[in-house]
Amino acid sequence: LKKSLSTGEVTLFMGGKGQGDALHQLASPSSIAFQDGDAYVADSHNNRILKKSLSTGEVTLFMGGKGQGDALHQLASPSSIAFQDGDAYVADSHNNRILKKSLST
115 LKKSLSTGEV TLFMGGKGQG DALHQLASPS SIAFQDGDAY VADSHNNRIL
165 KKSLSTGEVT LFMGGKGQGD ALHQLASPSS IAFQDGDAYV ADSHNNRILK
215 KSLST
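Here the sequence shown is numbered in my numbering, starting from 115 and rising by one per residue.
Think of the hints as simulated: they come from the structure by calculation, not from any bench.
Hints may be right or wrong, so weigh each one.
Claimed, not checked - DSSO-like cross-link-like pairs, simulated, lysine-lysine; straight-line CA separation at most 27 angstroms:
id : residue 1 : residue 2
1  : K131      : K166
2  : K215      : K166
3  : K165      : K180
4  : K116      : K165
5  : K214      : K180
6  : K166      : K116
7  : K117      : K131
8  : K215      : K180
9  : K131      : K165
10 : K117      : K180
Quantities reported herein were computed from a predicted structural model and do not represent experimental measurements.
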């Protein structure tokens with residue numbers, strides 16, 4: 115959900131179309147972060163990080179989404195994402211690790 119601070123209006127920002135694994139659905143989103151005009155959502159039960167362009171509204175897969183697992187291309191219940199110096203850092207909770215991905219690739 116999204117709340118306008120100026121009007122107090124609450125609108126749907128992402129998800130809200132039932133639990134699922136399609137790009138327009140979420141399953142236990144746990145955090146959201148913003149970087150360079152995009153929103154990144156940790157979609158925990160879908161084992162992925164989604165990226166939403168704030169200018170176009172397009173949602174794409176940023177990380178994970180290839181089944182739960184411990185390979186570097188997989189996540190297991192990601193809980194948060196943060197950014198520093200052009201890199202994204204993802205807390206991959208059930209794998210007990212922090213993964214780093216360059217935003218330039």
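Query - Hint check against the structure, violated hint numbers in rising order - result: Violated: hint 10 alone.
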